[in-house]
Amino acid sequence: MDTEVIKTETWAELLYDSLRELGITIFCYVPDAGHRVLIERSISDNNVISVPLTTEEEGVALLAGAHLGGKRGVLLMQSSGVGNCINMLSLINAGRFPFLTIVSMRGDFGEQNPWQLPMGQAVEPCLMAMDTLCLRIETREDIPSTTEAATQMAYKSDQSVAILLSQKLIGAKPF
Amino acid sequence: MSSDFSLDRRSAVPAVIGNPADFLIIGGLSGSAKDVGSLTNESPNVYLLGGAMGAAVTMGLGLALAQPTRRVLVVSGDGEFLMNSGSLATVAYMKPANLSLLCVDNGCYGETGNQVSATSRSTDLELIARGSGIDHACTVQTGSEFAAASKLLRHPDGPSFVLLRVNNGPPPDYRRNFDAVETKAAFRRNCL
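Chains as they are written, first to last, in the working numbering: chain F, 1 to 175; chain L, 1001 to 1192.
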């Protein structure tokens, strides 16, 4: 992707285009404001299967099933959803399934809602305890390269990988 | 326990599934894995879970979405269906025509000492499936209903759901493979 495109696209548009270029065709999610643009793009994309979940852990199992059937997908979730996924990551670890998730961070840089802090601050230690690699994105310029790195580590090396979108990138919600 | 839990799962599950080669099968943990493993000898169209309770239904959904021309069957127990009953809503929302769900409902947690589950007191999983939006659903309590249930699992316009009421006797005596990497690789070699 050339630098002119990077300058004119929003970070979310850029992220969606990067995922699509890497062969991701299943997007599953619990609706989240940070992922709003990606969710809307996935719904209107005729070449993508867009799956709203009732809880984030469904997405972990769904992507493992999709891998059995030969498709690449991504789980979009807010940091609070990470806590809902922990035991389900046993399936990913035990079966060495590829797993790619993009976590929009709350309870992070500049958070104004105290309810978001406990899980937000626990995201990395929890994911690392379940052998999920964490790659953090703080600037728009890092999106194409980090997305490609994470996707290749997941789908070529059968790793469990999370991209954490910092509140430095997406902004802290005002209250 | 009410009298409608009378069937023996060791004969009822094979009768309702019919020819397992008609499906790609996800088997839920513990008793259901033994039901399916014993029936198929873990042929490569079968993936059995050994943990991650709650995974089976959405794993089957992901497989059904990735392989829309193959028929996918999820077999699991009332405990797992109760744990993630929201996944029935997710299935109904996506409406995959090629996905069927078989709940082996013995009204208890057989793996951990037969503690009663909500289905033997108050909860009807067929009604939860219907309420979630899965219209093709039935409950099986006697052998005379096996043929209709077997047909429902092959409904061309799924998803479909069969609640198979069985007694709290043991699943088949079967030693299943717990190597989740090996079985994944075998499944993908066969499927892709």
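Quick caveat, the hints were computed from the structure, so don't treat them as lab data. Check before you lean on any hint, since a few could be wrong.
Here chain F is said to cover these stretches of chain L; the calculated rule only asks that three of the stretch's residues, wherever they fall, bring their Cβ under 8 Å from a Cβ of chain F [unchecked claim]: (1) 1026-1036; (2) 1058-1069; (3) 1076-1090; (4) 1171-1185.
Sample of chain F residues facing chain L (criterion: CB under 7 Å; computed from the structure) [claimed, not checked]: (5) V48; (6) I49; (7) G69; (8) K71; (9) L91; (10) G95.
What follows is a list of derived Cβ distance ranges for each label pair [unchecked claim]: (11) F/A149 - L/K1095: 34 to 44 Å; (12) L/D1135 - F/F175: 22 to 32 Å; (13) F/S44 - L/T1123: 47 to 57 Å.
C-beta: ideal position from N, C-alpha, C; glycine also.
Comparing the hints with the structure gives:
Coverage of a stretch by a chain is defined here by at least three residues with a beta carbon nearer than 8 Å to that chain's beta carbons; for the stretch 1026-1036 of chain L and chain F the count is 1, and the condition is violated. With 10 residues having a Cβ less than 8 Å from any Cβ of chain F, the stretch 1058-1069 of chain L passes the three-residue criterion, so the hint holds. Chain F is given as covering the stretch 1076-1090 of chain L, and this holds because 5 residues of the stretch bring a CB closer than 8 Å to a CB of that chain, at least three being needed. Under a criterion of three residues with beta carbons nearer than 8 Å to beta carbons of chain F, the stated coverage of the stretch 1171-1185 of chain L is upheld, 4 such residues being counted.
Hint on F/V48 is violated. Least Cβ distance to chain L is approximately 11 Å, over the 7 Å limit. Look at F/I49: its Cβ gets to within about 5 Å of chain L, closer than 7 Å, so that hint holds up. A cut of 7 Å between beta carbons decides the hint on F/G69: the least distance to chain L is about 3 Å, and the hint holds. With 7 Å as the threshold, the beta carbon of F/K71 comes within range of chain L, its nearest partner Cβ sitting at about 4 Å, so the hint holds.
For F/L91, the suggested interface contact is upheld, since its CB lies about 4 Å from the closest CB of chain L, less than 7 Å. Because the beta carbon of F/G95 sits about 4 Å from the nearest beta carbon in chain L, less than 7 Å, this interface hint is met. At about 36 Å, the CB distance of F/A149 to L/K1095 agrees with the hint of 34 to 44 Å. Under the hint 22 to 32 Å, the C-beta atoms of L/D1135 and F/F175, about 43 Å apart, miss the expected range.
A hinted range of 47 to 57 Å is violated for the C-beta pair F/S44 and L/T1123, which are about 38 Å apart.
In summary, the numbered hints that this structure violates are 1, 5, 12, 13.
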